[in-house]
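Protein chains in written order, with our numbering: chain A, 1 to 236; chain B, 1 to 236.
Among the clues, some could well be false.
One copy or any two copies: either way a pair holds, since identical chains are not told apart in the list.
[Claimed, not checked] Computed cross-link-like contacts, BS3-like style, restricted to lysine-lysine with a CA-CA straight-line distance of at most 27 angstroms:
1) Lys-3 x Lys-153
2) Lys-164 x Lys-235
3) Lys-219 x Lys-149
4) Lys-210 x Lys-79
5) Lys-218 x Lys-112
6) Lys-157 x Lys-27
7) Lys-149 x Lys-164
8) Lys-157 x Lys-107
Honestly, the hints are just simulated from the structure, not real lab data. None of the values given here were measured: they were computed from a predicted structure.
2 protein chains.
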Amino acid sequence: MDKGKLYLIPNTLGDTNPFDVLPSQVKTIIDSLDTFIVENSKAARKFIKSISPEKSQPSLTLFELNKHTQPEDLPNFIKPCLEGKTIGLLSDAGCPGVADPGADIVKLAHQKNIKVIPLVGPSSILLAMMASGMNGQSFAFNGYLPIDKHERKSEIKRLERLSKDYNQSQSFIETPYRNNKLLEDLCNTLSSDCLICVACDITLDSEYIKTQTVLQWKKNSVDLHKRPTLFIIHKA
Amino acid sequence: MDKGKLYLIPNTLGDTNPFDVLPSQVKTIIDSLDTFIVENSKAARKFIKSISPEKSQPSLTLFELNKHTQPEDLPNFIKPCLEGKTIGLLSDAGCPGVADPGADIVKLAHQKNIKVIPLVGPSSILLAMMASGMNGQSFAFNGYLPIDKHERKSEIKRLERLSKDYNQSQSFIETPYRNNKLLEDLCNTLSSDCLICVACDITLDSEYIKTQTVLQWKKNSVDLHKRPTLFIIHKA
């Protein structure tokens with residue numbers, strides 16, 4: 001028997017028309033599937049309904065993959081693939097496997113020789129890099145910075161050095177209610193000619209993307225409180 | 001007078017139906033524009049025609065941005081924005097500004113306070129990361145590796161160390177006719193338990209994405225000759 005495949009299905013980055021940010025192929029694939037690995041069942045059902053309103057919701061099988069999931073449950077989630085069924089891995093927001101718990105399932109799929117097919121969708125990391133005007137030939141996403149004041153300061157310094165020594169743009173994120181504090185920390189820690197890109201509410205109506213030097217940010221800031229934001233720095 | 005905006009417009013990654021990999025918003029935006037910054041006029045006209053067949057081709061204004069473009073020409077390319085016109089920056093393949101010459105235009109747009117709006121489309125870097133099953137919480141794209149044998153070897157070693165010390169997946173590319181040689185070099189340089197993801201012909205019918213250890217690649221390789229490929233390594 002042929003194995004099923006694992007589709008990686010992106011989601012929107014917030015309250016926006018899904019067809020503005022997802023290609024029609026995403027609908028075609030969701031229409032064809034009845035088994036999904038999801039972060040949260042309720043949110044997933046709502047999303048699937050918005051894409052495929054005609055699909056029967058009671059006939060869906062959903063496995064929840066989130067911080068409460070035990071590692072020993074993962075093989076059960078992809079067992080349907082071994083039995084010939086093609087399934088979907090669906091994010092709550094953005095792209096599965098990137099800044100998201102899905103990577104463990106994908107890793108397991110490779111170990112079991114299951115074909116993994118990623119679908120195109122919005123990634124705040126990629127969209128911010130595109131719109132930053134910084135070096136897109138070499139860039140890194142570093143996740144969250146440390147919370148401890150001294151560790152954070154030395155990590156910001158390290159990323160600034162990396163951006164200069166390797167000409168590599170360095171991006172990272174913060175818990176949204178601490179975004180203003182992070183921008184302040186960046187302005188107080190980086191050299192005044194270091195570039196900072198602030199990319200906020202990406203793909204939403206309130207989208208705000210701006211690259212300027214530390215000196216310019218000090219004169220001309222923005223309120224990022226509770227708005228999903230990606231930060232990128234680069235020192236020439 | 002209000003300034004125009006700069007849309008960043010992705011393209012397909014090769015010979016595929018554009019609507020399989022681009023959201024409908026890309027068509028809406030292309031339909032609404034008549035001025036584009038492009039890598040190659042002929043390829044751009046063909047792409048625009050495939051998306052907006054009803055658009056008048058003679059009325060398009062195209063500026064060519066590629067390795068032949070002089071830096072002093074760039075301000076002319078975004079002058080229409082300063083005069084109130086919204087324009088598009090269009091890649092030959094994938095996403096503008098990422099592994100692509102468009103970043104210089106975006107940088108200039110920020111300096112001139114022109115609003116930059118990135119649109120969703122296929123990026124081989126992001127799609128490969130999603131499908132690799134490696135750490136997507138922290139990853140870097142490093143562009144091309146050095147050609148010199150010794151420099152290349154030491155760069156591969158450096159990236160392996162980085163992937164381990166910072167738990168950061170490390171991706172890179174090669175000129176497609178040298179892909180097989182690079183996979184060979186990786187297998188001969190990395191430790192036998194280091195993971196390599198080979199992501200080839202992404203979004204095309206011939207797509208091939210596989211993550212396995214160096215030891216497994218040595219036993220079970222693949223022909224990558226002249227196929228666009230992204231490599232990612234990670235040592236646990």
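*Checking Lys-219 and Lys-149: alpha-carbon separation at most 27 angstroms within a copy, between copies, both or neither?*
within (24 angstroms within a copy, 48 angstroms between copies)
*Measure nothing new, just compare the shortest in-copy and cross-copy C-alpha distances for Lys-164 and Lys-235 to 27 angstroms and report within, between, both or neither.*
both (5 angstroms within a copy, 25 angstroms between copies)
*Is the C-alpha distance from Lys-210 to Lys-79 at most 27 angstroms within one copy, between copies, in both cases, or in neither?*
between (45 angstroms within a copy, 19 angstroms between copies)
_Alpha-carbon proximity between Lys-3 and Lys-153, which holds within one copy, between copies, both or neither at 27 angstroms_ = neither (49 angstroms within a copy, 38 angstroms between copies)
*Given identical chains, is Lys-157 near Lys-27, meaning Cα to Cα at most 27 angstroms, within a copy, between copies, both, or neither?*
neither (44 angstroms within a copy, 42 angstroms between copies)
*Given identical chains, is Lys-218 near Lys-112, meaning Cα to Cα at most 27 angstroms, within a copy, between copies, both, or neither?*
For Lys-218 and Lys-112, the Cα distance is within 27 angstroms only across copies (18 angstroms; inside one copy 52 angstroms).
*Classify it for me, Lys-149 with Lys-164: is the Cα-Cα distance of at most 27 angstroms met within a copy, between copies, both or neither?*
Result: close both inside a copy and across copies, 23 angstroms intra and 25 angstroms inter.
_If the cut is 27 angstroms between Cα atoms, do Lys-157 and Lys-107 qualify within a copy, between copies, both or neither?_
This pair counts as between: shortest inter-copy Cα distance 23 angstroms, intra-copy 33 angstroms.
The structure fails hints 1 and 6 (numbered hints given earlier, in ascending order).
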